[in-house]
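Asker: Chains as they are written, first to last, in my numbering: chain A, 1 to 496; chain B, 1 to 180.
Derived by calculation from the structure, the hints in this document are not laboratory data. A hint or two may mislead.
Said to hold, decoys possible - Derived DSSO-like pairs: lysine-lysine, alpha-carbon spacing no greater than 27 Å straight-line:
hint, chain 1, residue 1, chain 2, residue 2
1, B, Lys129, A, Lys454
2, B, Lys129, A, Lys377
3, A, Lys465, B, Lys84
Claimed, not checked - Here are a few chain A residues that face chain B, going by a calculated C-beta distance under 8 Å:
hint, residue
4, Trp386
5, Leu413
6, Arg414
7, Leu416
8, His417
9, Arg419
10, Phe461
The C-beta atom is built at its ideal place from N, Cα and C for all residues, glycine as well.
Here's the letter readout for the chains.
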Amino acid sequence: MFPLTEENKHVAQLLLSTGTCPRCIFRFCGVDFHAPYKLPYKELLNELQKFLETEKDELILEVMNPPPKKIRLQELADSIGILQEFCEKDFVKKVCQKVEASGFEFTSLVFSVSFPPQLSVREHAAWLLVKQEMGKQSLSLGRDDIVQLKEAYKWITHPLFSEELGVPIDGKSLFEVSVVFAHPETVEDCHFLAAICPDCFKPAKNKQSVFTRMAVMKALNKIKEEDFLKQFPCPPNSPKAVCTVLEIECAHGAVFVAGRYNKYSRNLPQTPWIIDGERKLESSVEELISDHLLAVFKAESFNFSSSGREDVDVRTLGNGRPFAIELVNPHRVHFTSQEIKELQQKINNSSNKIQVRDLQLVTREAIGHMKEGEEEKTKTYSALIWTDKAIQKKDIEFLNDIKDLKIDQKTPLRVLHRRPLAVRARVIHSMETQYVDEHHFRLRLKTQAGTYIKEFVHGDFGRTKPNIGSLMNVTADILELDVESVDVDWPPALDD
Amino acid sequence: MATEPETAEPVVPSLVDRYFTRWYKPDVKGKFCEDHCILQHSNRICVITLAESHPVLQSGKTIKSISYQISTNCSRLQNKVSGKFKRGAQFLTELAPLCKIYCSDGEEYTVSSCVRGRLMEVNENILHKPSILQEKPSTEGYIAVVLPKFEESKSITEGLLTQKQYEEVIVKRINATTTS
Numbered sequence: 001m002f003p004l005t006e007e008n009k010h011v012a013q014l015l016l017s018t019g020t021c022p023r024c025i026f027r028f029c030g031v032d033f034h035a036p037y038k039l040p041y042k043e044l045l046n047e048l049q050k051f052l053e054t055e056k057d058e059l060i061l062e063v064m065n066p067p068p069k070k071i072r073l074q075e076l077a078d079s080i081g082i083l084q085e086f087c088e089k090d091f092v093k094k095v096c097q098k099v100e101a102s103g104f105e106f107t108s109l110v111f112s113v114s115f116p117p118q119l120s121v122r123e124h125a126a127w128l129l130v131k132q133e134m135g136k137q138s139l140s141l142g143r144d145d146i147v148q149l150k151e152a153y154k155w156i157t158h159p160l161f162s163e164e165l166g167v168p169i170d171g172k173s174l175f176e177v178s179v180v181f182a183h184p185e186t187v188e189d190c191h192f193l194a195a196i197c198p199d200c201f202k203p204a205k206n207k208q209s210v211f212t213r214m215a216v217m218k219a220l221n222k223i224k225e226e227d228f229l230k231q232f233p234c235p236p237n238s239p240k241a242v243c244t245v246l247e248i249e250c251a252h253g254a255v256f257v258a259g260r261y262n263k264y265s266r267n268l269p270q271t272p273w274i275i276d277g278e279r280k281l282e283s284s285v286e287e288l289i290s291d292h293l294l295a296v297f298k299a300e301s302f303n304f305s306s307s308g309r310e311d312v313d314v315r316t317l318g319n320g321r322p323f324a325i326e327l328v329n330p331h332r333v334h335f336t337s338q339e340i341k342e343l344q345q346k347i348n349n350s351s352n353k354i355q356v357r358d359l360q361l362v363t364r365e366a367i368g369h370m371k372e373g374e375e376e377k378t379k380t381y382s383a384l385i386w387t388d389k390a391i392q393k394k395d396i397e398f399l400n401d402i403k404d405l406k407i408d409q410k411t412p413l414r415v416l417h418r419r420p421l422a423v424r425a426r427v428i429h430s431m432e433t434q435y436v437d438e439h440h441f442r443l444r445l446k447t448q449a450g451t452y453i454k455e456f457v458h459g460d461f462g463r464t465k466p467n468i469g470s471l472m473n474v475t476a477d478i479l480e481l482d483v484e485s486v487d488v489d490w491p492p493a494l495d496d
Numbered sequence: 001m002a003t004e005p006e007t008a009e010p011v012v013p014s015l016v017d018r019y020f021t022r023w024y025k026p027d028v029k030g031k032f033c034e035d036h037c038i039l040q041h042s043n044r045i046c047v048i049t050l051a052e053s054h055p056v057l058q059s060g061k062t063i064k065s066i067s068y069q070i071s072t073n074c075s076r077l078q079n080k081v082s083g084k085f086k087r088g089a090q091f092l093t094e095l096a097p098l099c100k101i102y103c104s105d106g107e108e109y110t111v112s113s114c115v116r117g118r119l120m121e122v123n124e125n126i127l128h129k130p131s132i133l134q135e136k137p138s139t140e141g142y143i144a145v146v147l148p149k150f151e152e153s154k155s156i157t158e159g160l161l162t163q164k165q166y167e168e169v170i171v172k173r174i175n176a177t178t179t180s
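Work out the full structure, taking the sequences as your base and the hints as a guide.
Answerer: Written out as structure tokens, the structure reads:
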């Protein structure tokens, strides 16, 4: 059923005479249901003719004013081809070919399209024209009565994309296909706005042009009708060419993998240790885990984070330390829990420096639990301590009885170059000693998160008070440190 | 890391040995024997200490008091540093005074920075208990912590002596005194 009524005739006639395509005519007449837009172009043109009861020749004559040119159905003043060839099946197919070639795995997609900003200017001009015409019939036309170009475009293209790729369109999908249109010919169409509304166009550092869609829309809302009409032809001029496709891109939102890691090497940094382009120590915890994930998920890059971290020379024992890896733009995202288990096994087989457990996919929100652990939860450690004075078993027993010892730690000298100078109050909840010999004993401690253990043992030039040395009245040093547990109960433990 | 029970000296490298390089400046400000030892951490931070040969560390010397008020307008205790980039720190040149040590025998000694950089902190523990300076001059008895400019972190040691060079200076002094 043809969607236009008697009421729309004048406007439709007017718009057609300015070279507007049928679909845009529908938009300006407020046709807000999908079906008419999806009909084939030629059919729409025929129906429109019939509706306007004009002969085909007359139609051509009208469109030939101004200067006669060979009629190209694609040529129109308003949507520069967007609601014509660029929403037809052939174009959609072309985009889908690119999507398929990109090698992404997806079960739904969100389609985003970007039109050149100067299009808003042309829309504005067309609206003023239609408003004026409707005014003659004592009818009003608000901006909101017009169907937006993007909306109509999506009504037509969404089912086509869905059909071609075999997946539904879902606004919440992580997989995004984006198409950007440009129309170089009319780029300067919006420049006059900068002269009239300069405050709308503030140069932003990372934008190439100040004429962004947002800025142009803002200016169009501000500008007075008379001022606009003085500067911009209404109806808009016919462009010589249709717009071009600037880019067709696909990207998948990040996915997150979490787990817990054990570190068995005393010679492995958390992150790659590179100074002046030279790698100081081979490999790192993050690379040993992430490199495998990067490959399997076919991701562009990763971001590794963990619930705190340990020094190069410190082992992480017990249940391990929680970590999460963000995989950026992954091409493969669907894995069964069996496949994840196998991936975990692969990581564990490839290195004896680290081991991973409880590997699983998690949501972005879940990462919060991990960082919570860093600041709030307790940790337990085991240290091998050396003393300058000879000690007996009885000399260390008193440490077992000390509970919730408050200590003040100035920023350790070894990190002072990159951390602010401050005093941190921390609590050593409990200690347990194990005599080794006259100059050595093992100390297990349970401490508040953020405690510098090494400094608690040797005192850091007296800048951590009290410390083991001051408590025992000896000079103490730490020979070995292990993390026994990180008391965070995330991610959820998995069987096996 | 076993230590032989008979020997007094431990085999274990100390905290200072592990993280720091010792640099020396003898006869600071031309004052005979007022040797300073700069402990330079691998992260470029410098801890200013007195060398073993400094008069204050010789037996028989008692420290009456230590003062960080180096002039009417400047006290090193007022040094306030904020943020990761340590803004607000007092800037020190090589000859900048850090503190004054007053001994019971009436002698007065000034400790100088020896390196250029931002003053991070001075040791307040030695204010309350000056004997720490004499008991543990290389650790708890440090004088100050200085952060040199990143660009200058290598060049600051150009005017200083290595451990070996310092030991040679000591030997020369001993020989000079014995011959004279």
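Asker: Each of the hints needs a verdict: does it hold here or not?
Answerer: Consistency of the hints with the structure:
| no. | hint | in the structure |
| --- | --- | --- |
| 1 | Lys129/B x Lys454/A | holds (25 Å) |
| 2 | Lys129/B x Lys377/A | violated (37 Å) |
| 3 | Lys465/A x Lys84/B | holds (23 Å) |
| 4 | Trp386 | holds (5 Å) |
| 5 | Leu413 | holds (6 Å) |
| 6 | Arg414 | holds (6 Å) |
| 7 | Leu416 | holds (6 Å) |
| 8 | His417 | holds (4 Å) |
| 9 | Arg419 | holds (7 Å) |
| 10 | Phe461 | holds (5 Å) |
Checked against the numbered hints listed earlier, the structure breaks hint 2 alone; every other hint is satisfied.
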